[in-house]
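Engineer: Listed in order, the protein sequences are those of chains B and Z.
Note that our numbering has the first sequence beginning at 1, numbered continuously upward.
Note that our numbering has the second sequence beginning at 115, numbered continuously upward.
Check before you lean on any hint, since a few could be wrong.
Claimed, not checked - DSS-like mimics (lysine-lysine), calculated; alpha carbons at most 30 Å apart, straight line:
hint : chain 1 : residue 1 : chain 2 : residue 2
1    : B       : K64       : Z       : K170
2    : Z       : K214      : B       : K55
3    : Z       : K214      : B       : K41
4    : B       : K66       : Z       : K170
Honestly, the hints are just simulated from the structure, not real lab data.
Since the structure is predicted, the reported quantities are computational estimates derived from the model, not experimental observations.
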Amino acid sequence: GAVVSQHPSRVICKSGTSVKIECRSLDFQATTMFWYRQFPKQSLMLMATSNEGSKATYEQGVEKDKFLINHASLTLSTLTVTSAHPEDSSFYICSAALSGNEQFFGPGTRLTVL
Amino acid sequence: GNSVTQMEGPVTLSEEAFLTINCTYTATGYPSLFWYVQYPGEGLQLLLKATKADDKGSNKGFEATYRKETTSFHLEKGSVQVSDSAVYFCALSARGATNKLIFGTGTLLAVQP
Numbered sequence: 001g002a003v004v005s006q007h008p009s010r011v012i013c014k015s016g017t018s019v020k021i022e023c024r025s026l027d028f029q030a031t032t033m034f035w036y037r038q039f040p041k042q043s044l045m046l047m048a049t050s051n052e053g054s055k056a057t058y059e060q061g062v063e064k065d066k067f068l069i070n071h072a073s074l075t076l077s078t079l080t081v082t083s084a085h086p087e088d089s090s091f092y093i094c095s096a097a098l099s100g101n102e103q104f105f106g107p108g109t110r111l112t113v114l
Numbered sequence: 115g116n117s118v119t120q121m122e123g124p125v126t127l128s129e130e131a132f133l134t135i136n137c138t139y140t141a142t143g144y145p146s147l148f149w150y151v152q153y154p155g156e157g158l159q160l161l162l163k164a165t166k167a168d169d170k171g172s173n174k175g176f177e178a179t180y181r182k183e184t185t186s187f188h189l190e191k192g193s194v195q196v197s198d199s200a201v202y203f204c205a206l207s208a209r210g211a212t213n214k215l216i217f218g219t220g221t222l223l224a225v226q227p
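Next up, chain B with everything else stripped away, as it sits in the complex:
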């Protein structure tokens, strides 16, 4: 199956700093990438959908100025958590898909904000 990577796998940062998470589709070109957030013992919550070359579509309640998404190419999307605070600590998961088809998920990034 298709492979999606995320980097870093875990990151610890100080409150007020910004953190960038990369999501790459390694062996296919993804027209759409999705970003999810997962709290302990809770389901994956879709944060935003991004299409290559266009602005991301954010789900209700997700601050677009705080969670900046860039989908600059068909194999790379980035999520930047700006001015991170402890409440932003979470597990962030991306997925990539060809339009209308199966999503392939990355292994996730554990963010801890001190």
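Please build the complex by placing chain Z on the supplied structure of chain B, with the hints as guidance.
Structural biologist: Only chain Z this time, still in chain B's reference frame:
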């Protein structure tokens, strides 16, 4: 709105035991239904899916049947193995929602030898 409810874990079974993980959904129209599996340290992988009522998805010995009358999509396996230990997520995608997935909370399965 659309939602998925699945049984809480962890579920602990002995090898070769029968597995059922319950999943029910709420959705308008006729969604597609999925089971994803997440092995330790890896990303979610599609295990099986069903796109219309009475469809049965199956893969690796796992099965789930799309039951519209009970709005359910329970996951079953007749004989689990230690290698099946993972977190299992039930999910739905509403018609016309362009891949958008709504997940249940996940159920941790631990199979003991």
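Engineer: List, from low to high, the hint numbers that the structure doesn't satisfy.
Structural biologist: 1, 4
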